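A.B. asks: Residue numbers (this note's numbering), protein chains in the order written: chain A, 45 to 150; chain B, 45 to 150.
Just so you know, the hints here were simulated from the structure itself, not pulled from any lab data. None of these values were measured; they are calculated from a predicted model. Heads up, some of the hints might be wrong.
Identical copies go unnamed one by one, so any copy, or any two together, can satisfy a pair.
To be verified - Here are the simulated DSSO-like cross-link-like pairs (lysine-lysine), alpha carbons at most 27 Å apart as the crow flies:
(1) Lys71 to Lys85
(2) Lys115 to Lys147
(3) Lys85 to Lys115
(4) Lys115 to Lys86
(5) Lys89 to Lys60
(6) Lys89 to Lys115
(7) Lys71 to Lys147
There are 2 protein chains.
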Amino acid sequence: MTRRKTVMITDSSIRKSVDEYVKRRLKTLPDEIAMFYPQVKKIWKCDNVFDFLYGYCVGNLEVGTMRYLLKFTRASPSTTEETLEIREIIETHRKELQETIRKAIS
Amino acid sequence: MTRRKTVMITDSSIRKSVDEYVKRRLKTLPDEIAMFYPQVKKIWKCDNVFDFLYGYCVGNLEVGTMRYLLKFTRASPSTTEETLEIREIIETHRKELQETIRKAIS
């Protein structure tokens, strides 16, 4: 019953493609962060700028990946399970993402 | 020269529509946050869970709004100026967003 949709992301070629999308985004993120960073504390009034930017990148990557999947497969992930799968793929790049943010704001 | 695209968001009906989209998302965010919250510290290893979630919501709303605009106007915001305009609209809901997150994790 759930197979129809779940196969979409667990399919290895799609998974690989999503993974490559995340890797490409990790290369473009530094410029976006550098532009966004100076306003963060002033505009969003957060305490921990690194964690705000870290969460921002995860949220941005998550929806961006869904948008990418929509273009790639012409199907939009709609189940909670699929959203979690996308999150898991992004999570495998956690350390690289943290490092990317750290460098961009240093 | 820049008018072609910029008009897209400064147009009051589109601006209103974007604003309403953000308001609708603010109503659905609590459930998403409540589901996401328990994993945040364990999986993403952040120090400040509130600021991580806060940034996550801003990032999610930003790309979500762009996706919404694409559907609504059949045009995707592509200039930096437009991305900043979207950010400004989300920013007008800053306090409500902070309150939404605070309630969702309390």
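A.B. asks: Hints first: check each against the structure and report whether it holds.
C.D. replies: Hint check results:
When the C-alpha separation of Lys71 and Lys85 is checked against a cutoff of 27 Å, the pair qualifies both within a copy, at 24 Å, and between copies, at 25 Å. In the homo-oligomer, the alpha carbons of Lys115 and Lys147 never lie at most 27 Å apart, since the shortest distance is 31 Å inside one protomer and 35 Å across protomers. Proximity of Lys85 to Lys115 under the C-alpha cut-off of 27 Å is found in neither arrangement, the shortest distances being 34 Å within a copy and 32 Å between copies. For the identical chains of this complex, Lys115 and Lys86 are neighbours neither inside a copy (36 Å) nor across copies (32 Å), given an alpha-carbon limit of 27 Å.
Proximity of Lys89 and Lys60 under a CA criterion of 27 Å is satisfied inter-copy only: 25 Å between copies versus 37 Å inside one chain copy. In the homo-oligomer, the alpha carbons of Lys89 and Lys115 never lie at most 27 Å apart, since the shortest distance is 35 Å inside one protomer and 31 Å across protomers. Within a single copy, Lys71 and Lys147 get their C-alpha atoms as close as 12 Å, which meets the 27 Å cut-off; across copies the closest is 35 Å, which misses it.
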